[in-house]
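full-length UniProt numbering puts the first residue of the sequence shown at 1, with every later residue one more than the last.
Keep in mind the hints are simulated off the structure, nothing from the lab. Just to be clear, a hint being listed does not mean it is correct.
To be verified - Simulated restraints, written as ranges between beta carbons of each label pair:
id, residue 1, residue 2, range
1, Ser49, Glu12, 24 to 32 angstroms
2, His34, Glu12, 40 to 48 angstroms
3, Ala77, Asp52, 15 to 23 angstroms
4, Glu44, Gln21, 38 to 46 angstroms
5, Arg54, Gln6, 46 to 54 angstroms
6, Val39, Glu12, 45 to 53 angstroms
7, Asp69, Glu12, 41 to 49 angstroms
8, His45, Gln21, 39 to 47 angstroms
9, Pro68, Gln6, 52 to 60 angstroms
10, Ala74, Glu12, 47 to 55 angstroms
11, Ala28, Glu70, 17 to 25 angstroms
12, Glu27, Ala81, 22 to 30 angstroms
13, Asp52, Thr19, 29 to 37 angstroms
14, Val39, Glu70, 18 to 26 angstroms
For each residue, glycine too, the CB sits at the ideal point set by N, CA and C.
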Amino acid sequence: MSMDAQGSLFGEGRMAPPTRQSTPDPEAVRGRLHRLLEVLRAAEHMPLSDRDVRMWQTVVPNMTRWLPDEDARAICAEFAAEMERLGNGGKSGDVAVPKAPGSGRTRA
1 MSMDAQGSLF GEGRMAPPTR QSTPDPEAVR GRLHRLLEVL RAAEHMPLSD RDVRMWQTVV
61 PNMTRWLPDE DARAICAEFA AEMERLGNGG KSGDVAVPKA PGSGRTRA
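Go ahead and model the full structure; you've got the sequences and the hints to work with.
Listed below in structure tokens is the structure:
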């Protein structure tokens with residue numbers, strides 16, 4: 001049996017990179033972040049576990065890069081203010097807005 005006659009161990013095309021790229025919908029991103037902020041605003045005590053706080057401190061700035069600069073800054077500022085109010089200010093530090101992919105500009 002020749003090598004050509006033998007099938008691929010992993011199947012044809014299974015190791016190929018995905019062909020579809022998706023871009024997050026800014027309205028969906030904004031909605032998810034606003035829901036998080038609503039939970040934080042309504043809370044008297046930190047409603048998130050330490051693990052979730054650390055996760056959201058990373059996720060919020062990264063999600064906001066899909067939003068217009070002004071919206072991104074406002075959401076990051078409100079998130080940082082709620083973290084401070086709920087007693088997590090020392091852990092949160094500054095919530096910086098990362099550069100949007102392909103934008104060539106930096107958000108602060």
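Status of the hints after comparison with the structure:
At about 44 angstroms, the CB distance of Ser49 to Glu12 disagrees with the hint of 24 to 32 angstroms. Judged by the Cβ atoms, the range 40 to 48 angstroms given for His34 and Glu12 holds: they are separated by roughly 44 angstroms. Here the CB-CB span from Ala77 to Asp52 is close to 20 angstroms, well matched to the stated 15 to 23 angstroms. About 42 angstroms separates the C-beta atoms of Glu44 and Gln21, a value consistent with the hinted range of 38 to 46 angstroms.
Taking the beta carbon of each, Arg54 and Gln6 are about 49 angstroms apart, inside 46 to 54 angstroms as hinted. In this structure the hint that Val39 and Glu12 lie 45 to 53 angstroms apart at CB holds, the actual value being about 46 angstroms. The hinted range of 41 to 49 angstroms is satisfied by Asp69 and Glu12, whose Cβ atoms lie roughly 45 angstroms apart. Separated by about 41 angstroms at the C-beta atoms, His45 and Gln21 satisfy the suggested range of 39 to 47 angstroms.
Between Pro68 and Gln6 the C-beta distance comes to about 54 angstroms, which sits within the given range of 52 to 60 angstroms. At about 49 angstroms, the CB distance of Ala74 to Glu12 agrees with the hint of 47 to 55 angstroms. For Ala28 paired with Glu70, a C-beta distance near 19 angstroms keeps the hint of 17 to 25 angstroms intact. At roughly 23 angstroms, the beta carbons of Glu27 and Ala81 sit within the given window of 22 to 30 angstroms.
Roughly 34 angstroms separates the CB atoms of Asp52 and Thr19, a value that falls within the hinted 29 to 37 angstroms. Between Val39 and Glu70 the Cβ separation comes to about 23 angstroms, which falls inside the hinted range of 18 to 26 angstroms.
The structure fails to meet hint 1 from the earlier list, while all remaining hints are met.
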